[in-house]
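Got chain R; can you put chain U on it based on the hints?
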Amino acid sequence: MRRIGNTAIATVTVVALCSGAWLLHGGAGTHAPPQPAAAEGLPDPGEEQLTAPALPPSPPTRIRIPSIRVNAPLTGLGLTRSGSLDVPPAGDKNLAGWYEAGTTPGERGTAVVAGHVDNAEGPAVFYDLGALKKGAAIEVDRRDGSVALFTVDAVEVYAARDFPDEKVYGAARRPELRVITCGGGYSKATGYQGNVVVFAHLTGSR
Amino acid sequence: MRRTARPLSGAMAGAALAVAAVGALAVNTAPAYAADGGGTLEVYPSSAVPGGQVSVNTKACGDKASAAGDASAVGAGPFTLAPSAHEGDAIGQFRVPESAQPGTYEIVAECAEGGRRVTGDLVVTLTAAQGQAQPRGSVKTGVGGALGRDPAQTAAGVAALAVAAAGGTWLLHRRARGDGI
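Sequence order for the protein chains is R and U.
Mapping of the first sequence onto the UniProt record's numbering: position 10 corresponds to residue 10, and the numbering continues sequentially without gaps.
Mapping of the second sequence onto the UniProt record's numbering: position 18 corresponds to residue 18, and the numbering continues sequentially without gaps.
There may be inaccurate statements among the hints.
If you want the footprint, here are the derived chain U segments under chain R, 3+ residues with CB under 8 Å [to be verified]:
| id | segment |
| --- | --- |
| 1 | 54-67 |
| 2 | 87-99 |
| 3 | 135-141 |
| 4 | 152-160 |
| 5 | 167-177 |
Source of the hints: derived by calculation from the structure; they are not laboratory data.
Please read these numbers as outputs of a predicted model, since none were measured by experiment.
We put the beta carbon where it would ideally sit given N, CA and C, even for glycine.
Here chain R stands alone, though its shape is the one from the complex (with noise of 0.2 Å):
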């Protein structure tokens, strides 16, 4: 009985030592956000793609990715000194932006949107970008009413020190989107070592 006693009691303090080590030496994960597979990347530039019809110019209010559970007021965004892309204040984990001097959603050309993948406190609106895939729904509110719905071609993941800006950013003939985010590897030196951005076209609207 003592003997069995001192069995259990001693296998409860091995399986606890070893726990207790683990989780504290880093446990299940870092919690790094999803970064998305090749599989996602960008299709073939010939390949046939159904485009809805432009919507007029309007400002977009909201942004809602069902399928990451992401939906989220819109802010006006400008440039930074450098010409980069502004972002919304981190302080608000569930604020995303747009580029305001740019193409309003819905509209033809290229629409950008931005938000953060974290901030000081832990995940924040785009924390899950990375895990979108192909054919999923985004759904931009807009402020004449109308929702701009647009169908996800691609999500790749960009390094800042070669970062595509005509890809990204450039012109397009049709209604398109970009949302993106911080990704790809960090280091505590340097940071997110680059971006992750969504490719979506206009498919639709309401």
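Relative to chain R, chain U alone:
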């Protein structure tokens, strides 16, 4: 930013002016302090090219009210502002004629009820404003805050180690007493 502050259109031009304007026009408007678009016509985009489409909206007419728009200054003629679901704005659209000359034009809307008149400016340019300043480079949208250790996980780890310490102490105690491990 895109709103035009005109003395006659009230609210944006500061409380004193707005009070004066309201008095002068003798209309019952939103309080003078409701500065956000209370008395102006928002024009979007505020700068357009000939052939481009323009949206205008106003809160001046109140909830679920329509208005008659007039863009004849730029040669586009009359259009209708219909009530919308968005914050009670009345919204309308028109197209800048291909023949429009560069310049600043006043776009007018008159509320269907009460006849209140609001105006906004449209700048016609020959080159598209878009694409002039396209963003470049990557976007700083994260600080790594999601990568820190989960506090719940840290607590669980500490608790597990405490259990291990207690178990170890118990076993050592027994051994010392010669309870035969």
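Evaluated hints:
1. Interface restraint, the segment 54-67 of chain U with chain R: holds (3 residues with C-beta to C-beta distance below 8 Å; minimum three).
2. As drawn, the segment 87-99 of chain U meets chain R at 3 residues by the rule of a beta-carbon pair under 8 Å; at three or more, the given contact holds.
3. Requiring three or more residues with a Cβ within less than 8 Å of a Cβ of chain R, the coverage given for the segment 135-141 of chain U holds, as 7 such residues are present.
4. Judged by the Cβ-Cβ criterion of 8 Å, the segment 152-160 of chain U is covered by chain R as claimed, because 7 of its residues qualify and three suffice.
5. Using a Cβ-Cβ cut-off of 8 Å, 5 residues of the segment 167-177 of chain U lie near chain R, which meets the minimum of three, so the contact claim holds.
Checked against the numbered hints given earlier, this structure breaks none of them.
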